[in-house]
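Oh and the sequence shown: position 79 is 354 in the working numbering, straight run, nothing missing.
What the hints contain is simulated information worked out from the structure, not anything from laboratory work.
Please note: incorrect hints may appear among the correct ones.
Said to hold, decoys possible - EDC-like, lysine to aspartate or glutamate: derived pairs with alpha carbons at most 20 angstroms apart:
#, residue 1, residue 2
1, K392, E363
2, K392, E341
3, K392, D354
4, K374, D385
5, K374, D354
6, K374, E363
7, K392, E372
8, K392, D375
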Amino acid sequence: MLWWSWVLLWTVLVLLGAAFIGLMLWRLTRTVLTFLRDTEAVAGEFTQRWDAAAAGVQRPVRAQPEPALFTPVGQALADYRFGRDQRETARLQRRMERKDRMGQPQRISDIRRAERKGMFNG
């Protein structure tokens with residue numbers, strides 16, 4: 276074969292390879308863009324559903340806590356203990372109300388703890 280036929284052959288092969296790679300990139304780009312549009316639509320629908328569901332909730336979803344990086348240790352400990360006591364009292368009240376509602380006997384420890392907290396059952 277002559278030298279110019281080799282040049283022609285390799286030129287055609289390189290052009291075909293470049294065209295194939297370009298076509299594959301075009302298809303990939305279209306697929307990715309379609310995927311992104313679908314993802315955006317799903318995210319918008321999810322946001323609408325979330326807002327609709329959150330509108331019916333009486334108690335809001337947990338609020339964003341304040342950063343406690345610069346809070347003094349004593350204040351942070353006092354806040355923790357105050358919150359812990361509030362949660363414990365709320366649990367105690369729910370348990371006592373549930374037992375009253377279901378007609379079950381109260382636990383002695385619950386009654387004593389409630390009396391120490393100033394709550395009286397009955």
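task = Quick one: which hint numbers does this structure break? Sort them smallest to largest.
result = 2 and 5
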